[in-house]
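Number of protein chains: 2
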Amino acid sequence: MERIYFQAGPTTLPKEVMIRAKSEWEDFQGTGLNIMEHSHRGETYENIHEQAKEKMRDLLNIPETHDVLFLQGGASLQFAMVPMNLIISGKTAKYVLTGSWSEKAFKEASKIGSSEAVISGKETKYRTLPKMNYESSDQDAYLHITSNNTIYGTQWPDLNEFSHPNLVADMSSDIMSKPFNVSKYALIYAGAQKNLGPAGVTAVIIRKDLLIENEDLPSILSYQVHAKNNSLYNTPPVYSIYLLNLVLQWIEEQGGVKEMQLRNEKKAQTIYHAIDNSGGFYNGYATPDSRSHMNVTFTLSDQELENQFIKEAEESSIFGLKGHRSVGGFRASIYNAVPQESCDRLAQFMQQFQEKYGN
Amino acid sequence: MERIYFQAGPTTLPKEVMIRAKSEWEDFQGTGLNIMEHSHRGETYENIHEQAKEKMRDLLNIPETHDVLFLQGGASLQFAMVPMNLIISGKTAKYVLTGSWSEKAFKEASKIGSSEAVISGKETKYRTLPKMNYESSDQDAYLHITSNNTIYGTQWPDLNEFSHPNLVADMSSDIMSKPFNVSKYALIYAGAQKNLGPAGVTAVIIRKDLLIENEDLPSILSYQVHAKNNSLYNTPPVYSIYLLNLVLQWIEEQGGVKEMQLRNEKKAQTIYHAIDNSGGFYNGYATPDSRSHMNVTFTLSDQELENQFIKEAEESSIFGLKGHRSVGGFRASIYNAVPQESCDRLAQFMQQFQEKYGN
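Residue numbers (our numbering), protein chains in the order written: chain X, 1 to 359; chain G, 1 to 359.
So here's chain X without its partners, still in its complex pose (with noise of 0.2 Å):
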């Protein structure tokens, strides 16, 4: 049976992409290299580069003022690189907390300069989001929040209800899954390696009037400095961009992000319904007004059942189930590669399971 795949990222890409990469392997448009060995300030890459900014504009409708970037270090360097760009004397970064995304996002920006976190869904261990009641003050540098937290499988539903002058998002694991509206935004950021590529580039979209010449900042770590070279400053992530321009290339054939938006609910629903259907022998870590689109976190009432749930699964040829530490249970990512098949199959599994072992 093929094996298929339901890991927290990196993930699988698109079936078409990779072979679509295979077939240029040796020699990319008849230069007898691969795309990774070619300059990035010739002509064959800045093609790619220009396509894929294009091509992000395109899928998301981003508009003219803002700016695309492609940097390195992965959500993870953007938790410095926001307030050390956005936080500027006298004013104060807002956090919602959501998870332990938002949570390092906050620590970091702590560091860094004046920070602090507004709303939080701590008290329920993140299994709900929060009410977002926040009101915008003059004295924000801006308002982050986490669109999907992977951890706990909760997403907020509708990216177009939250409204700051400088709203910020990190959109690592479901950026390109839906249609929002960009202008809403000040930044987002989002680490390429759940729908976007391979682990190792990380799309920037800022708005214009952010990126400000900022001497003191190391050069690496300014916006600015980036959106002036184009994402050219250092040399970029050659093959990481390539193949993010082919997965967007895939999504564009798809039907775009709307269609993206279709599958991944009906995928989602697939084992959401599995597991509301089992009468308790499965049960959902997110309450259901927060459940996630991307990552659907669920545990077995009889928690000495987890291994065995996990082995037969695999024999199942079914990989990647095992939930976080710090929840427990079972994470199934169902990120805009993985196929409503391999969902239909996880469902089927859970029944046969159930039927097995429960009462």
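Please keep in mind that the hints were generated in silico from the structure rather than gathered at the bench.
We put the beta carbon where it would ideally sit given N, CA and C, even for glycine.
Among these hints, one or two may not hold up.
Straight-line Cα separation of at most 16 Å, EDC-like style, residue types lysine to aspartate or glutamate; simulated pairs [stated by the list, open to error]:
#1 G/107 / X/27
#2 G/15 / X/27
#3 X/111 / G/213
#4 X/15 / G/26
Distance windows between CB atoms, simulated [as the list claims (entries may be wrong)]:
#5 X/1 / G/50: 40 to 48 Å
#6 G/253 / X/50: 36 to 44 Å
#7 X/269 / G/253: 48 to 56 Å
#8 X/110 / G/183: 35 to 43 Å
#9 G/253 / X/303: 44 to 52 Å
#10 G/31 / X/306: 21 to 29 Å
#11 X/46 / G/65: 42 to 50 Å
Selected chain G positions facing chain X (in silico; Cβ < 8 Å) [to be verified]:
#12 40
#13 118
#14 119
#15 120
#16 193
#17 238
Add chain G to chain X, keeping to what the hints say.
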């Protein structure tokens, strides 16, 4: 005729590495996935990660006193991380200027803490390496050198001759090109895209006593955090490290860094010989005592022939020879993966070109 390349970086990878990576493309070790689709927390990837570290250690004979890290962001991020981590209050970072990259490193350090350029080759337009007559002081945070200067084509002939309690080196463009005594260095960093692999991963070798916890430093910028987490603090650039591991394995199979040194010396001599025996038709940019075995820079006496040289080289399937705009002329970058045959073909072309256009 087969195309040959002399790019400054990203550059060609060994053919054997590209063949191996292609053969493992869609099914790494029977998992049905490419290694880039594996979780960085899984055993499959962790084995690669450990192998790459061990091979770095073996090939460079890295002592137990030093740790090996794999980071992102290239040498440009190291320009900031080195001073952020190593400039201690009351101490000054000292820089040796031998070209544009060391100038950049110094400029970035100056933003972060007390920094001083103590030796410079600028008055020779970086054609000649300066005399290393610097006496270390108790006030020094470290002494920073650049081992090979890609733009000017100069290279310190002996990496063992420098002595400083905290010697730091940017070896981006010549690491693994020859043996040297790692224990003489406090910290070595190298962007991968010349001798180690594709762009997107940076190797850091750091003496363990420098791994000091600093709660004020953003975690992602702290060597201590990366070392404590075995370079898995955040998602590593999985595929770049996989390829780096294959490149290191290739170096090992070829006979190690000593063999690389012999090959690089011969390759460099082939081209320098063509320059020196041209009776002034070609002129080396670097003075002979400072010549690099990685980047051979030269000009034509008759500058008006420059475009013709590039044009006819490309007609002969020879690419990547254009010099950096700050020096002009030509640059043949002959990193580890460039074979002797490429250098022979270039030397032959240079001779033919001279026969055609020389007096």
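Looking only at beta-carbon atoms, does the pair residue 31 of chain G, residue 306 of chain X fall within the given range of 21 to 29 Å?
holds, 23 Å
Quick check on residue 193 of chain G please, does its C-beta sit within 8 Å of some C-beta on chain X?
holds, 6 Å
Outcome of range test on Cβ distance (residue 46 of chain X, residue 65 of chain G; 42 to 50 Å)
At 43 Å between Cβs, range holds.
With a cut-off of 8 Å, does the beta carbon of residue 40 of chain G approach a beta carbon of chain X closely enough for the hint to hold?
holds, 6 Å
Restraint status (C-alpha distance of residue 107 of chain G to residue 27 of chain X at most 16 Å):
violated, 39 Å
Does the beta carbon distance between residue 1 of chain X and residue 50 of chain G stay inside 40 to 48 Å, or does it fall outside?
With a Cβ separation near 31 Å, residue 1 of chain X and residue 50 of chain G fall outside 40 to 48 Å, so the hint is violated.
At the C-beta level, are residue 253 of chain G and residue 303 of chain X separated by a distance inside 44 to 52 Å?
Given a distance of about 49 Å, which is inside 44 to 52 Å, the answer is holds.
With chain X as the partner, please determine if residue 238 of chain G meets the hint condition of a C-beta pair closer than 8 Å.
holds, 5 Å
Using 8 Å as the Cβ threshold, decide whether residue 118 of chain G counts as touching chain X.
violated, 21 Å
Should the hint that residue 269 of chain X and residue 253 of chain G are 48 to 56 Å apart at their CB atoms be regarded as holding?
holds, 52 Å
Residue 15 of chain G paired with residue 27 of chain X [C-alpha distance capped at 16 Å]:
holds, 12 Å
Verify the interface restraint on residue 119 of chain G: the C-beta must sit less than 8 Å from at least one C-beta of chain X.
violated, 23 Å
Figure legend: structure checked against the earlier numbered hints; hints not met, in rising order: 1, 5, 13, 14, 15.
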